[in-house]
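Here the protein sequences line up with chains A and P, keeping their order. Read the first sequence against this note's numbering and you will find it ends at 437, with the numbers running on by one and no gaps. Read the second sequence against this note's numbering and you will find it ends at 131, with the numbers running on by one and no gaps.
Honestly, the hints are just simulated from the structure, not real lab data. Hints may contain errors.
Footprint (simulated), chain A over chain P, 3 or more residues, beta carbon under 8 Å [said to hold, decoys possible]:
1. 32-40
2. 44-57
Derived lysine-lysine pairs resembling DSBU-like cross-links, with alpha carbons at most 30 Å apart [what the hints assert, rightly or not]:
3. A:314 <-> P:106
4. A:399 <-> P:129
5. P:39 <-> A:314
6. A:409 <-> P:129
7. A:409 <-> P:106
8. A:370 <-> P:37
9. P:37 <-> A:399
10. P:106 <-> A:373
No experiment lies behind these values; they were computed from the predicted model shown. Built from N, CA and C at the ideal position, the CB exists for glycine as well.
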Amino acid sequence: MNEETYDSMVKKASPDSPLLKDCIRAFAVGGLICMIGQMLTNFAVGYGFDERSAATFTSVVLIAAASLLTGLGLYSKIGKFAGAGSIVPITGFSNSVTSPAVEFKKEGYVLGLGAKIFIIAGPVILYGVLTSIIVGMVYYFAGR
Amino acid sequence: MDYIRAFAVGGLICVIGQILLDKTKLTSARILVLFVVAGCILGGIGVYDRLIDFAGAGAAVPLPGFGNLLARGVKEDIDTMGAMGILTGGLKAGAAGIAAAIVSAFFMAMVFRPKEK
């Protein structure tokens, strides 16, 4: 499972299918995942969570659920239908961590699972943190 | 009403990803990177929080929301602890999501075998 196979796995979702159909599916599934997220947030707020904790709760539940669906082999089925609708939400991030973890366990716990767990999510964290440092520098020196 | 806004905005962000996927040579992994970086920049200039005010989870759940979280964390840490916050804020804000992804992935790897593709 490297970037290419992950990509072909996702691309298999929509072989040559028209853009409009892909977009409708992405909209429906992506929208649905976000709506579930809103339900979780409202649920948490109802239980007295502050706004920040409710958002964290929402992310954690969605990540755990997507991880379970990935382990069960169901998330890739959703992905075949939904394309970006299953990649762009935080659940797609979770899928990109669990998928190689399950796949590469057979190569060992350190150099298999351990080294390859972040094969997709690693770049996301790397460039996200780098960008946040640049944002921080601008904010520190110019923004305040 | 907040459910409809979350659905519409979250769905539209995914449609942007779908168009990039279909119409450019960008791979899904690159789109993930692009969306987090974009969310972080939009968060840095203070735009993304307004989208979250409007759409709630519709803006927070897609990956730009994760990028925004990093930007917000950096600003807050700079406000409370000065220059060191430039380094600490991002990962600290993303910690819950990253840790949750790691622990659940590890657990799933214990329990499940790879599925035939």
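Hint-by-hint comparison with the structure:
| no. | hint | verdict |
| --- | --- | --- |
| 1 | 32-40 | holds (count 6) |
| 2 | 44-57 | holds (count 9) |
| 3 | A:314 <-> P:106 | violated, 39 Å |
| 4 | A:399 <-> P:129 | holds, 13 Å |
| 5 | P:39 <-> A:314 | holds, 19 Å |
| 6 | A:409 <-> P:129 | holds, 17 Å |
| 7 | A:409 <-> P:106 | holds, 23 Å |
| 8 | A:370 <-> P:37 | holds, 22 Å |
| 9 | P:37 <-> A:399 | violated, 36 Å |
| 10 | P:106 <-> A:373 | violated, 34 Å |
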